[in-house]
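**Q** The hints should help you fit chain E onto chain F, whose structure is shown.
So you can see what is in the structure, the chains are spelled out below.
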Amino acid sequence: MTTTGRAAPGGRTDVAEAAGAPGGSNAAESARVRRLLLWYPRGWRDRYGDEFAELLAAEQAEQGPSWRRGVNVAATGLRARLAGAGLAGHPLHPAAAARAGLATFASCAAASGLVGAVMWAQLAIGLQWSVPDDHRITQAMDLMSGALLVLAVLTVLAAVPVAWAAMAAVGRGGGRQIRWPAMLAGAGTLVLVVGGRHFANGWPGTGGHLLVHQGVVPGGIAAFGWAATMWITSYWGHPGMLAAFPAAQLAWMVASPVATGCLVTGAVQLLRRVELSPRALRFHTWVACVAWAGLAVFLGGALCWLLTSGGSAPLFRAGLIDRTGLAVLAVAAVTGAAAVRRARLARLAESLSQ
Amino acid sequence: MMPSMNSSDRPARPSPADDASALETLGRSSGPASLILSSLADGTKHGYALTKDIESFAGVRLAPGTLYEALSRLEAHGMIEAVESSDRRRPYRLTATGATALSTYLQAQRQVAEVGLRRLAGSWALT
Chain F
1 MTTTGRAAPG GRTDVAEAAG APGGSNAAES ARVRRLLLWY PRGWRDRYGD
51 EFAELLAAEQ AEQGPSWRRG VNVAATGLRA RLAGAGLAGH PLHPAAAARA
101 GLATFASCAA ASGLVGAVMW AQLAIGLQWS VPDDHRITQA MDLMSGALLV
151 LAVLTVLAAV PVAWAAMAAV GRGGGRQIRW PAMLAGAGTL VLVVGGRHFA
201 NGWPGTGGHL LVHQGVVPGG IAAFGWAATM WITSYWGHPG MLAAFPAAQL
251 AWMVASPVAT GCLVTGAVQL LRRVELSPRA LRFHTWVACV AWAGLAVFLG
301 GALCWLLTSG GSAPLFRAGL IDRTGLAVLA VAAVTGAAAV RRARLARLAE
351 SLSQ
Chain E
1 MMPSMNSSDR PARPSPADDA SALETLGRSS GPASLILSSL ADGTKHGYAL
51 TKDIESFAGV RLAPGTLYEA LSRLEAHGMI EAVESSDRRR PYRLTATGAT
101 ALSTYLQAQR QVAEVGLRRL AGSWALT
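Protein sequences appear in the order of chains F and E.
Residues 1 to 354 in the numbering used here are what the first sequence spells out, letter by letter.
Residues 1 to 127 in the numbering used here are what the second sequence spells out, letter by letter.
Bear in mind the hints are in silico, worked out from the structure with no lab data behind them.
Every residue, glycine too, gets a C-beta built ideally from N, C-alpha and C.
Just to be clear, a hint being listed does not mean it is correct.
[Unchecked claim] Which chain F residues face chain E? A few, computed with CB under 10 Å, are given here:
#	residue
1	Leu36
2	Phe52
3	Ala75
Just chain F, same shape as in the assembly (with noise of 0.2 Å):
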C-alpha cells in the first residue's frame, strides 16, 4: 500500500497558497509558520522547510494555534541548531559533524583569545610600570603569556592545512563557497594588522621597566594586543571622557571591533566549508585538544591574577571588564570542550565507517 498523503483538514495544505492570499487569517497563519521556522538553521531549513511548512499548516487548520506546538518548535530547532554547530549527537550530515565542532571550538578560542588579550595587554602595562607586591601575580603573567604563545602558534598550525586546502579548491575551478569568507577573513586580518600595528604606538606601556620584573612579557606584542582591543574599554561608560579622544583613535575603535569580526566570522566559516582530508581533520582535532589545554591554563592563569589583585596597586587590580572576560573564557572552556568531545566522536564514528 503506498499512502503519499490525505488531505490536510480545510483542504488547504500550500503555505504558498496562504501566504498569497490576500490579507485574512491564511496570510497570517503562514506568516506564524515562517517564523516558526526560523528557529531551524538555514541547512536544516533548505531540507525540510517546505515539507515542515506544509505539516504545520495542516496541524495549524486542525486545531488552531498552540503555544506547545511553537514550544516544541523551538525547542527542536535549538537542537537542531547545536546539532549544525557540533554541540549536540545528531547532527543533519554526519560527515560534517567533526567540522562543526572543530568550527565551533575555533569561535570558543577565538572568543577566549579576545578576552584573554584584553586582560593580557593590561598585565603588561602595569607590568611595565611596576613591580607587583604579590609575585603570584607574576607568575599569573607567565602563565598567561605561556598559554597565549601557545594557542598563536596552534593558530598558525591550523591555518596552514584550512588555506592549504581552501586554494587547492580554488586551484580546482571550485571554491565559490569560500572565496567570501576566504576575503571577509583577509581583510579583517589586513586591517588589524595595519591599524594595530598603528595605533601600537600609542602604547602606555612605553618607557617602563624593559622586561625587568615583569615575566614573559615581549613589549610589542603587548602593544599590539592593546591596540587591537583598545574598544573593550570602560570608556563607553563616559562619553564625555571618550569625546577628548582624537577622531582618529575613534575611528580605530569602531573598525578594530568589525575587523575582528570579519575575521572570527570568516576563519569559522573557512572551517566550516573547507572540504579537509581525513589525515588534516585528524590533525585538526588534535591542534583543538592541545588549544583546549592551553585554554585551561590561560583560565588558571587570569583566575590566579583575579583573585590575587585585590590587595595589589591599581596598576594590577582587575577590574568589570577582567571579571567579565574571566566568565567568557570559563564559557568558552566548557562550549570548547564539548565542542571537540564532539569532533573527536564524530572523526572516530567516520573513520570506524570507512
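**A** Same frame as chain F, now just chain E:
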C-alpha cells in the same frame, strides 16, 4: 495490506550481535523513531499522514518538531528515505536497514512484554 517486498528488500534476520540498540543510538528520538518506522512499515507516508496514522494506532500525537527531528535522524542513519514527489509534502519510505532495526527493536520489546505479562499473570492474576 502489506507492501510487496523483494527478497533483497526483506529485513535480514537479526543476529545476536545485532542488538536492539540501532534505534537506541537515536537518543531522545528512539521512541518517536519506532513509531515512525512502524507507520512506514505498510507503505510510504508524508509528515501529516504519519502524524495521523501514529495517532490512530498508538494513541500518541507527535508534535511537528518531534516528528521531523526523528525523521531527519532516521534519514541520516539510512533507516528511511525520501520518495521523489512533485508535492511539497515529501513522502518517506522504510529502507532495508530501517526494517531490520525495527524488527530487532520490536522483538526485544515483545520479549520484555511477554515476560512482564507472564509475571503479572503469575503473581497478580492479571493478563
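**Q** If a hint holds in the structure, say so; if it doesn't, say that too.
**A** Here is how each hint holds up against the structure:
Given hint, Leu36(F) at the interface with chain E, holds; its Cβ is 9 Å from that chain's nearest Cβ, closer than 10 Å. Because the beta carbon of Phe52(F) sits about 5 Å from the nearest beta carbon in chain E, less than 10 Å, this interface hint is met. Because the closest C-beta pair between Ala75(F) and chain E is about 7 Å apart, less than 10 Å, the hint holds.
In summary, this structure violates none of the numbered hints.
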